[in-house]
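Visitor: Spelled out from the first residue to the last, the chains are:
Protein chains: 2
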Amino acid sequence: MTDQDYMNRALELARSVMVSTSPNPRVGCVIVSNGQILGEGATQPPGGPHAEVCAIRDAQQKGHELRGTTFYVTLEPCSHYGRTPPCVDALLAVEPARVVIAARDPNPLVSGAGIRKLQEAGIIVDLGLGLEQALEINPGFVSRMSIQRPWVRMKIASTLDGKVALNNGRSQWITGSAARLDGHHWRARACVILTGSGTVRDDDPLLTVRGVDTPRQPVRAVIDSQFAIDEDARLFDGGPVWIFVTEYNADKAARLAARNVRVITVAEKNNHVDLKAVMAWLGQQDINEVHVEAGPGLNGALLQAGCVDELLVYMAPKILGEARSAVAHRPFTVLADAYQFAFFDTTACGDDLRLRARLPMRWNQLQLQSGATPTSDTE
Amino acid sequence: MTDQDYMNRALELARSVMVSTSPNPRVGCVIVSNGQILGEGATQPPGGPHAEVCAIRDAQQKGHELRGTTFYVTLEPCSHYGRTPPCVDALLAVEPARVVIAARDPNPLVSGAGIRKLQEAGIIVDLGLGLEQALEINPGFVSRMSIQRPWVRMKIASTLDGKVALNNGRSQWITGSAARLDGHHWRARACVILTGSGTVRDDDPLLTVRGVDTPRQPVRAVIDSQFAIDEDARLFDGGPVWIFVTEYNADKAARLAARNVRVITVAEKNNHVDLKAVMAWLGQQDINEVHVEAGPGLNGALLQAGCVDELLVYMAPKILGEARSAVAHRPFTVLADAYQFAFFDTTACGDDLRLRARLPMRWNQLQLQSGATPTSDTE
Numbered sequence: 001m002t003d004q005d006y007m008n009r010a011l012e013l014a015r016s017v018m019v020s021t022s023p024n025p026r027v028g029c030v031i032v033s034n035g036q037i038l039g040e041g042a043t044q045p046p047g048g049p050h051a052e053v054c055a056i057r058d059a060q061q062k063g064h065e066l067r068g069t070t071f072y073v074t075l076e077p078c079s080h081y082g083r084t085p086p087c088v089d090a091l092l093a094v095e096p097a098r099v100v101i102a103a104r105d106p107n108p109l110v111s112g113a114g115i116r117k118l119q120e121a122g123i124i125v126d127l128g129l130g131l132e133q134a135l136e137i138n139p140g141f142v143s144r145m146s147i148q149r150p151w152v153r154m155k156i157a158s159t160l161d162g163k164v165a166l167n168n169g170r171s172q173w174i175t176g177s178a179a180r181l182d183g184h185h186w187r188a189r190a191c192v193i194l195t196g197s198g199t200v201r202d203d204d205p206l207l208t209v210r211g212v213d214t215p216r217q218p219v220r221a222v223i224d225s226q227f228a229i230d231e232d233a234r235l236f237d238g239g240p241v242w243i244f245v246t247e248y249n250a251d252k253a254a255r256l257a258a259r260n261v262r263v264i265t266v267a268e269k270n271n272h273v274d275l276k277a278v279m280a281w282l283g284q285q286d287i288n289e290v291h292v293e294a295g296p297g298l299n300g301a302l303l304q305a306g307c308v309d310e311l312l313v314y315m316a317p318k319i320l321g322e323a324r325s326a327v328a329h330r331p332f333t334v335l336a337d338a339y340q341f342a343f344f345d346t347t348a349c350g351d352d353l354r355l356r357a358r359l360p361m362r363w364n365q366l367q368l369q370s371g372a373t374p375t376s377d378t379e
Numbered sequence: 001m002t003d004q005d006y007m008n009r010a011l012e013l014a015r016s017v018m019v020s021t022s023p024n025p026r027v028g029c030v031i032v033s034n035g036q037i038l039g040e041g042a043t044q045p046p047g048g049p050h051a052e053v054c055a056i057r058d059a060q061q062k063g064h065e066l067r068g069t070t071f072y073v074t075l076e077p078c079s080h081y082g083r084t085p086p087c088v089d090a091l092l093a094v095e096p097a098r099v100v101i102a103a104r105d106p107n108p109l110v111s112g113a114g115i116r117k118l119q120e121a122g123i124i125v126d127l128g129l130g131l132e133q134a135l136e137i138n139p140g141f142v143s144r145m146s147i148q149r150p151w152v153r154m155k156i157a158s159t160l161d162g163k164v165a166l167n168n169g170r171s172q173w174i175t176g177s178a179a180r181l182d183g184h185h186w187r188a189r190a191c192v193i194l195t196g197s198g199t200v201r202d203d204d205p206l207l208t209v210r211g212v213d214t215p216r217q218p219v220r221a222v223i224d225s226q227f228a229i230d231e232d233a234r235l236f237d238g239g240p241v242w243i244f245v246t247e248y249n250a251d252k253a254a255r256l257a258a259r260n261v262r263v264i265t266v267a268e269k270n271n272h273v274d275l276k277a278v279m280a281w282l283g284q285q286d287i288n289e290v291h292v293e294a295g296p297g298l299n300g301a302l303l304q305a306g307c308v309d310e311l312l313v314y315m316a317p318k319i320l321g322e323a324r325s326a327v328a329h330r331p332f333t334v335l336a337d338a339y340q341f342a343f344f345d346t347t348a349c350g351d352d353l354r355l356r357a358r359l360p361m362r363w364n365q366l367q368l369q370s371g372a373t374p375t376s377d378t379e
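In the order they appear, the protein sequences are chains A and B.
All letters in the first sequence, in the order written, are residues 1 to 379 by full-length UniProt numbering.
All letters in the second sequence, in the order written, are residues 1 to 379 by full-length UniProt numbering.
Calculated directly from the structure, the hints in this document are not laboratory data.
Keep in mind the model is a prediction, meaning the values are calculated, not measured.
Hints should not be assumed to be uniformly reliable.
Remember, identical chains collapse to one label, so a pair may be satisfied in a single copy or spanning two.
[What the hints assert, rightly or not] List of simulated lysine to aspartate or glutamate pairs, DMTMM-like, C-alpha gap at most 25 Å:
hint	residue 1	residue 2
1	K269	E247
2	K269	E120
3	K155	D345
4	K117	D345
5	K269	E322
6	K276	E322
7	K155	D351
8	K252	D203
9	K155	E322
10	K252	D337
Make a model of the complete structure from these sequences and hints.
Guide: Have a look at this one:
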């Protein structure tokens, strides 16, 4: 077993709590001595212990002495009092010899301070092993901590020729059941599922997580400048819903408030909700990842506003010809103006493909925040 | 080294002559005895020796005795006189103990007869090892032999949202240089590169193979019902060009004939060249693989006519919004009417992805022609 193997196990533990730690980051920790794993842990739901403390308790319950051990942890141990005491103090108390950390904590209250405290106690600290994978587990947390905005992932289910619905509006189903179930996993890890008023009007979706074991449902959010949403929409099922409007209506808002709906008035931009302002507001609400399932109009507006960090495209091996495209956006006159992402993951989902792509600039920003050196070629 | 390893080597040899054997199939052969490769061969250009004879000569030149050896050959040895004597006689002459064959020869003059002749001579014959890969090397030959039509591969270079050009027509370049070079490899293996009169008018392409070492250029073919093609098109460079028309013009045809251009009058169907008739005619001309690089109109017409067997899609991680789609086709009213392919290969090409998909029914037809048992699950 190598450092990489132990870190892989810690990353696996972090992934195992993907749907339960928000707004805290998903973190995994493994404690090793003489080639033996003494304890393991992953961050518990908010208010509960973090990964390092869980791993220490696990090891101690098994009767292990932790002095001189090596910790593998996917995120820099926190050094500040939040809902729980600083993890770095728990580490110092058991006196490990070495701590291997995948990513620096981008939290300005921590960033580097946890590492310094460990080093000052004479502990060897290695940073950067598994950084890329660690970052993929917490892009929203890193984004929120560094630029006060969530990480926005836009989901599209299209044919091979880029069509998402027939001209008559039918879209059930472009992709198969495996792709649709996979989509629910991505909904589950998000803090907010964002859509537009057009989709609510036309499809009346629930936008809940189904078929995935999760302790919490994400908040559903709707961009609805005119506040025209039908009060009988299936979305209003008692779970939290946020509606972003420019035209406020106090009576309607009051009726909806009784049904766990919050109406947020946002500045107008181009006769539309200012989407950058929405993202900033979501960041203030401790929202890490936003999952967009919207129609062509909102998809295009989000791209134009610079509010799309990642694309999650389920592509069916079908050709439809004349039909609706995924993104409505004024025509460009030069190709260089196209929105340019970078593919980073291609996976089969039943008969369909799942293609993931992200904005290279934004990803690079997160990498730097996580301690990657500017010259490193981690992609 | 296992049977699979030797067959893999034979398949590699077959692939090495991808651009030079047409209209003959690409075939590789390896002769093995006591774990040692005694000889290797691949089909030579038309009129030259086939793979088995090349491998026998190679082994004999090295002084090897071939009695009792095992032959690994990617296609059933031919049993009829074509441009060369039957390969099966060459095999019988050296008295191997065993012949392992990937795919049955679909040529009705051969199909199974070569295998029977070997078996009657007491040679052990194993059929089917590497069948799927062997078929991917010669889909056009198998198609032409079994249903007298070439295998038609449609190439598309699109963005992630399915756009192939801006509204102003610009399409250079949607994809990067790696994808474009890869595209030339697919042109090179085709016997015909097919396009439409609109593409010739708008883009004035050469449609030649560039950047790939090839002994021959495919024939360029144009669907041009009205025979409206500009006689100054760059396509008319001295290399062979075929034009399919419904409106014949003897004077124009005579002028073009002097420049190596053949004009073929085809039956009309829906005010358009009958595309199925074009494919039947191409089959009669010993055309194995047709590579389509056309605009949305011809792409849609070929799909509608049932003339597309495979899609070769280069996809750039870009979003364009309002722009031209790859396929023009009347809108469907139910999703089940979509053209349904199956993905079978996804490969990175620089920053782009290459997605390959094919018609499951057509592929299954070729599999059966190649000796796959109807119940086999080779996909």
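Visitor: Confirm or reject each hint.
Guide: Each hint, compared with the structure:
1. In the homo-oligomer, the alpha carbons of K269 and E247 lie at most 25 Å apart inside one protomer (13 Å), although the nearest pairing across protomers, at 56 Å, exceeds that limit.
2. Proximity of K269 to E120 under the C-alpha cut-off of 25 Å is found in neither arrangement, the shortest distances being 50 Å within a copy and 83 Å between copies.
3. Both within a single protomer and between protomers do K155 and D345 lie at most 25 Å apart by alpha-carbon distance, with minima of 14 Å and 23 Å respectively.
4. For a Cα distance limit of 25 Å, the shortest separation of K117 from D345 qualifies neither inside one copy, at 37 Å, nor across copies, at 50 Å.
5. In this assembly of identical chains, the alpha carbons of K269 and E322 lie at most 25 Å apart only when taken from different copies (21 Å versus 32 Å within one copy).
6. With identical chains, the CA atoms of K276 and E322 are at most 25 Å apart between copies only, with a shortest distance of 23 Å across copies and 33 Å within one.
7. For the identical chains of this complex, K155 and D351 are neighbours both inside a copy (18 Å) and across copies (21 Å), given an alpha-carbon limit of 25 Å.
8. Taking the closest pair of Cα atoms, K252 and D203 come within 25 Å of each other only inside a single copy of the chain (22 Å); across copies the shortest separation is 56 Å, beyond that limit.
9. Taking identical chains as interchangeable, the C-alpha atoms of K155 and E322 lie at most 25 Å apart whether they share a chain (21 Å) or sit on different chains (19 Å).
10. For the homomeric pair K252 and D337, neither the shortest alpha-carbon distance inside one copy (41 Å) nor that between copies (43 Å) is at most 25 Å.
Against the hints set out earlier in the document, violations occur for numbers 2, 4, 10.
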